[in-house]
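Protein chains: 2
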Amino acid sequence: MMNNDNKTHSVFSASDIDQLPQRYRAEFINSLSGFKSGNLVGTQDHQGHQNLCIVSSVVHIGAHPPLLGMIMRPHTVQRDTLENIKSTGVFTLNNILPNMTQAAHQTSARYAPGISEFVEVGLTPQPSTAVSAPYVAESTIKLSLQVQDIQLLSINQTELVIGQIVEVILPDQSIDKSGYVDIEGCGSIAVSGLVSYHATQRLARYPYAKVDAPVKNVLQRSHANDT
Amino acid sequence: MMNNDNKTHSVFSASDIDQLPQRYRAEFINSLSGFKSGNLVGTQDHQGHQNLCIVSSVVHIGAHPPLLGMIMRPHTVQRDTLENIKSTGVFTLNNILPNMTQAAHQTSARYAPGISEFVEVGLTPQPSTAVSAPYVAESTIKLSLQVQDIQLLSINQTELVIGQIVEVILPDQSIDKSGYVDIEGCGSIAVSGLVSYHATQRLARYPYAKVDAPVKNVLQRSHANDT
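Those protein sequences? They're chains X and V, same order as listed.
The number in the numbering used here is simply the position in the first sequence, starting from 1, with 808 added.
The number in the numbering used here is simply the position in the second sequence, starting from 1, with 808 added.
The following block holds chain X by itself, in its conformation from the complex (with noise of 0.2 Å):
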């Protein structure tokens, strides 16, 4: 494996990173996390108001019980969708398609509360059977929430909200026998930054490692169609 010394590297100290014009300074950090995950938040109010609102934040805290983490600043955009989730107490995460990124991302834009992005963005809600709150009909992945926990990060007044899933939906075979679920072919995309928008080619799948067995790519013989 090559390293790299012989290329040339640009090296930023905690002040470079301090000094950097606030919007310059935002669109770089965002993107040194490496590639996010997409997905988009349906909410409702109490009065059936929907919200719809694109996150990268949204991260795996444990399989049993099956909790995802997403993280939200309460004076942002993402505020709408942050009242929602602790007034009804439930929410909905829906993967984003290649077809459909124009549309998440202006999910992002300040509506005034009480518009529903759906309406806007030209995305279509779906009632979810297990709680009170819209799926997006577009999405091939759709999961049912419900707030377990909210932690404040007082670092920088974040808030982590923490779900338990309670429903899943998605495509026929698109698991396999290990239950990997092949968001590739289910067409999720990733995310860097904060406005762009990747489709992904599987390099390799590798089973679980172990110290005396050199990994092998099991790319060939453990996708998907091979259920």
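Be a bit skeptical, because a hint or two may be false.
Intra- or inter-copy, both count: the list cannot distinguish identical chains.
What the hints assert, rightly or not - When the alpha-carbon atoms are kept at most 20 Å apart in a straight line, the in silico DMTMM-like pairs for lysine to aspartate or glutamate are as follows:
no., residue 1, residue 2
1, Lys985, Asp826
2, Lys894, Asp853
3, Lys1018, Glu928
4, Lys894, Asp1020
5, Lys894, Asp980
6, Lys1018, Glu967
7, Lys894, Asp957
Calculated directly from the structure, the hints in this document are not laboratory data.
Here the structure of chain X is known, so what remains is to put chain V in place on it, guided by the hints.
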């Protein structure tokens, strides 16, 4: 946009999920959040023993100060890494390139404490001048972080490690005029489920969404090479 009502879907209830076999459920739930970042965490203990550990749970917390979060499991192969992080208060994050996926995956094997995964998997430690933790020389994006907070997620006894970025090393010309880092051009891979690695292909970049301005695909005029 078509919805998917005319296709065949599988539905899992909370009870269905609860009754899945443990490993199947772990793989299943780990797939559902969407694509994940892939990073190698570099640490060392006070005796200088180095440790390297793949994580797919890094999430953006905030840009000012520049904060990343990472969900860690204390009773898994991540134990040594978490102990080093708590003991020294620092760690590095290093992106994973396509030719590193096998080595990166192999760091998830249960090597004994004191064994360096760098040596075992064939990656090269590179000193950070910012923190007492090793970078991965083969990575193209290298971050040094200082721990700011560790929050216990009491719901399942995982820990959210929050670190502030104090050094960034990346290739020249990978940052565009908006601050966006072309992590696809830098070779970063994405992760799905527990064991699947993906290359990406950019579909679109959009300007910040505004209520009265329909989004436009700016892929052609703002990619990194234009700066």
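Results for each hint:
1. Lys985 / Asp826: This pair counts as between: shortest inter-copy Cα distance 17 Å, intra-copy 48 Å.
2. Lys894 / Asp853: within (10 Å within a copy, 41 Å between copies)
3. Lys1018 / Glu928: Classified as between: cross-chain Cα gap 12 Å, same-chain 50 Å, threshold 20 Å.
4. Lys894 / Asp1020: Neither. Shortest intra-copy (48 Å) and inter-copy (29 Å) distances fail the 20 Å Cα cut-off.
5. Lys894 / Asp980: neither (33 Å within a copy, 44 Å between copies)
6. Lys1018 / Glu967: Cα proximity of lysine 1018 and glutamate 967: none, with 37 Å in one copy and 24 Å across.
7. Lys894 / Asp957: within (10 Å within a copy, 25 Å between copies)
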